[in-house]
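When you get a sec, could you build the whole thing from the sequences and use the hints?
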Amino acid sequence: MIALTKNAALRVALIYFIFSLLWILLSDRLLEAISTSAETLSALQTIKGGLFVAVTSAGLYGLLRISYRQLAESEERHRMAQRLSGIGLWEWNIATNKVYRSDEMLAIWGDKPDEFNGIFNVEARVHPDDRIRWRENVRACVENGKEYNIEFRVVRPDGEVRWIAALGNIEHGKNGKAHRMMGVALDITARKQAEIALRESEERLQIFIEHAPAALAMFDRQMRYLAVSRRWMNDYGLKDSVIGQSHYAVFPEVPDDWKAVYQRGMAGEVVQVDQDRFERPDGTVQWLHWVVRPWHTDDGAIGGIVLFTEDISGVKHSQEQLHHLAHHDTLTDLPNRLLFNERLEQAIKRTERHATHLAIFFLDLDHFKHINDSLGHPVGDWLLKSIAKRLLSSLRKEDTVARVGGDEFILLLEDVREPEKAAVAAQKLMGSLTEPFHLEERQIAISTSVGIALYPQDGTDPTTLLRNADAAMYRAKEEGRNTYRFYTEELTRNAFERVSLENDLRQAIAKGELLLLYQPQVDLRNNRFIGVEALVRWQHPKLGMVSPIKFIPMAEECGLIHPIGDWVLLTACLQGKTWLEQGIEIRQIAVNLAGTQIQRGGLADTLETVLAKTGFPAARLELEVTEGFIMRQAESGICELESIRRLGAALAIDDFGTGYSSLSYLKRLPIQKIKIDQSFVRDLPGDPNDAAIANAVIALGKSLNLSVIAEGVETQEQADFLKKAGCQEAQGYLYSKPIDAEKIEALFSAQGG
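If you want my numbering, it's the position in the sequence shown, counting the first as 1, plus 784.
Fair warning: there could be bad hints in the mix.
[Claimed, not checked] Straight line, CA to CA, 25 angstroms or less: simulated PhoX-like cross-link-like pairs of lysine-lysine:
1. Lys1326 <-> Lys1295
2. Lys1507 <-> Lys1521
3. Lys961 <-> Lys882
4. Lys930 <-> Lys882
5. Lys930 <-> Lys961
6. Lys1521 <-> Lys1508
7. Lys1212 <-> Lys1181
8. Lys1486 <-> Lys1451
9. Lys1334 <-> Lys1153
10. Lys1486 <-> Lys1508
11. Lys1261 <-> Lys1153
12. Lys1295 <-> Lys1397
13. Lys1261 <-> Lys1169
14. Lys1334 <-> Lys1261
15. Lys1521 <-> Lys1361
16. Lys1169 <-> Lys1153
17. Lys1361 <-> Lys1527
18. Lys1397 <-> Lys1361
19. Lys882 <-> Lys958
20. Lys1521 <-> Lys1334
21. Lys1173 <-> Lys1153
22. Lys1173 <-> Lys1261
23. Lys1212 <-> Lys1169
24. Lys1212 <-> Lys1153
25. Lys1133 <-> Lys1181
26. Lys1507 <-> Lys1486
27. Lys896 <-> Lys882
28. Lys1043 <-> Lys1100
Rather than coming from a laboratory, the hints here were simulated on the basis of the structure. Predicted, not measured: the structure shown is a model, and the values here were computed from it.
Structure follows, in structure tokens:
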């Protein structure tokens, strides 16, 4: 209520007085109603006149005294109420611009009562940031009659900023214009500061929630959502607000073990779950890492739980990928050696429990390197993947296929009752691989050599079984390839010997253990020595003379054939140059070339360097290439041989008749000689088939204008047959076994001319 001054009290008394006059005037009707005669009416009117005089004289003074006393008491009660409530009263006379402010109002604004003169510039004291809003609120009240209701800041004379809540209304004059504004005000600084602190706290909490490294949700004890982060909404596929809803209503399929974890949190325990599978409402599967923590009220009681969850699906997927990569071959996606060993260990345990057998197949593709070298590695990779698919389709689901090397595969077959079953499986596998592989318009045929080791007779642990299967595979290769062999103890000894021999071979050149022997070649028409074939030998310091049949294939497989081949070529040319300088007429020196020497490329450059270094005439050098290699590398082989031929060296096809030559390729080859393989000479002249083949080869040579030489001639009957058939040259034990350079010199010197 508004506190009243003395002037205000007088105004109130005047109102009482006017009220009394109105009562007297209105009483005329009452007098008329109760009067029965003119005399009575006259008497009553006289009384009314007396009353009027009484009211206007003595009554007015008494009334004013009573009203002033009552108003003073009321004013004191108002002041006390204002002091207790902190509410200030204000009034603004718009016409005079005079302002009334109660003591509480002065205190709110930081002014002293004795310094206030009724003139007050409110706007100047309003905080600059709130002035526009305050001004618009006042204008709306004055011009449109809207309630004045605003919270704003004021700047006290001492510079302190306080918050005020003001409420007021406009009063209009008789002319309808705004006459004055009256209202109340309250200092709400403490409440505002609390609100600001709370808002800042909530903002900090929300910032923490939104920027937490994990999705976050806060629940009460009934598992109703109190707060939730945007990441939580995104991670769980939620679009609408869930505040106030039950977690179990949002996710009806919450597992019981999760509910048990929530209850542990409600009991005050911090619970962490490293990995858990979660299915979102849209069916998407996630992997979660989550933590449950209790939160406490001000009195220390547990108010609910906070649930932190982190979507580790990406990490889980990466871990699975890394695990897959660590256990699988990157090209074929088959298990690698590591995973195969793990499965083999488990299979051995199962086999022990059920008293059965298992088989390990070690597969190595035959001559796969030739495919890579001739068709390129992309084709080779495609072929390996195709082989992997074919192997998988040939086995049972419970069997395992692994790729453990470039062209090596291992198979694990469980529940093998007897060795015959393993043999049947091997035949089936080999049969599936002999079917050509189709790449666009090209057909690629391939074969494989298979070694088989059985559990438990060939080993009781993965290492032993794999080693023995590998040894059996090498035996299959040595016995002609494209076949399978079972493991024996003898094969293990041979495998160890092979490893040791390979290590020794790597050092043989440096130690001078290699040497060349020469086998003479004869002109059948006059039986004169015309040339030699250079043959490499290995004089092992412990094993003695090692057969070329044993170490040449090994050198080809481990890559040593290149330095050995280069050494043979250089040594033979140096020896040929020496013989020429000694006057020994050697028409030709034949040197065997390994197929890998041609595949490597650059052989023509190597040959040119050797000829320049030794001074040996290129026309006296004859290079022999096997027919089988030429047929496998027809196009690329022709290009490489043409480069060699341009240097002046002669070319011959060795082992002719064993490689199923295509005549269309044969006539294109830049060759001068073909050599009949000794397998067709051995049974001459008694075997009609060998005789027919020998005659056919000789006739083919004549038709193509090629020289023909037969190797492996051991009897005069063989020589006579060949000479009669038209073969020009021969070599073999009939004339001489391979001998050293000094004995060659003696042979050629002895025949003279």
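Hint check:
1. Of the pairs offered as hints, the one joining Lys1326 and Lys1295 holds, with about 13 angstroms between alpha carbons and a cut-off of 25 angstroms not exceeded.
2. Of the pairs offered as hints, the one joining Lys1507 and Lys1521 holds, with about 20 angstroms between alpha carbons and a cut-off of 25 angstroms not exceeded.
3. Using a Cα cut-off of 25 angstroms, the hinted pair Lys961 and Lys882 holds, with the two alpha carbons roughly 17 angstroms apart.
4. Straight-line distance between C-alpha atoms of Lys930 and Lys882 comes to about 21 angstroms, which keeps the hinted pair within the 25 angstroms bound.
5. Among the hinted pairs, Lys930 with Lys961 is consistent with the structure: their alpha-carbon atoms are about 14 angstroms apart, no more than 25 angstroms.
6. At most 25 angstroms may separate the alpha-carbon atoms for a hinted pair to count; Lys1521 and Lys1508 meet this at roughly 24 angstroms.
7. Taking the CA atoms of Lys1212 and Lys1181, the gap is near 16 angstroms; set against the 25 angstroms cutoff, the hint holds.
8. Distance restraint check for Lys1486 and Lys1451: the Cα-Cα separation of roughly 12 angstroms lies within the 25 angstroms cut-off, and the hinted pair is therefore satisfied.
9. Taking the CA atoms of Lys1334 and Lys1153, the gap is about 20 angstroms. The hint holds against a cut of 25 angstroms.
10. A C-alpha spacing of about 14 angstroms is found between Lys1486 and Lys1508, which places the hinted pair at or below 25 angstroms, so the restraint holds.
11. Between Lys1261 and Lys1153, the direct Cα distance comes to roughly 15 angstroms. Compliance with the 25 angstroms bound is thereby established for this hinted pair.
12. A hinted pair counts as satisfied when its Cα atoms are at most 25 angstroms apart, and Lys1295 with Lys1397 qualifies at roughly 23 angstroms.
13. Restraint check: the Cα-Cα separation between Lys1261 and Lys1169 comes to about 23 angstroms, which is no more than 25 angstroms; the hinted pair holds.
14. About 13 angstroms separates the Cα atoms of Lys1334 and Lys1261, which keeps this hinted pair within 25 angstroms; it holds.
15. Of the supplied pair hints, the one linking Lys1521 and Lys1361 holds, its CA atoms being roughly 22 angstroms apart against a limit of 25 angstroms.
16. With a CA separation close to 15 angstroms, the supplied pair Lys1169 and Lys1153 stays within the 25 angstroms bound.
17. A threshold of 25 angstroms between alpha carbons decides the hint, and for Lys1361 with Lys1527 the separation of about 16 angstroms falls inside it, so the pair holds.
18. Among the hinted pairs, Lys1397 with Lys1361 is consistent with the structure: their alpha-carbon atoms are about 11 angstroms apart, no more than 25 angstroms.
19. The straight-line distance between the Cα atoms of Lys882 and Lys958 is roughly 20 angstroms, inside the 25 angstroms bound, and the hint therefore holds.
20. At most 25 angstroms may separate the alpha-carbon atoms for a hinted pair to count; Lys1521 and Lys1334 meet this at roughly 19 angstroms.
21. Distance restraint check for Lys1173 and Lys1153: the Cα-Cα separation of roughly 20 angstroms lies within the 25 angstroms cut-off, and the hinted pair is therefore satisfied.
22. A hinted pair counts as satisfied when its Cα atoms are at most 25 angstroms apart, and Lys1173 with Lys1261 qualifies at roughly 24 angstroms.
23. Under the criterion of a C-alpha separation no larger than 25 angstroms, the hint pairing Lys1212 with Lys1169 is consistent with the structure, at around 19 angstroms.
24. About 24 angstroms separates the Cα atoms of Lys1212 and Lys1153, which keeps this hinted pair within 25 angstroms; it holds.
25. Straight-line distance between C-alpha atoms of Lys1133 and Lys1181 comes to about 19 angstroms, which keeps the hinted pair within the 25 angstroms bound.
26. Distance restraint check for Lys1507 and Lys1486: the Cα-Cα separation of roughly 14 angstroms lies within the 25 angstroms cut-off, and the hinted pair is therefore satisfied.
27. The hinted pair formed by Lys896 and Lys882 meets the criterion: a straight-line CA distance of about 17 angstroms does not exceed 25 angstroms.
28. With a C-alpha separation of about 24 angstroms, the suggested pair Lys1043 and Lys1100 falls inside the 25 angstroms cut-off, and the hint holds.
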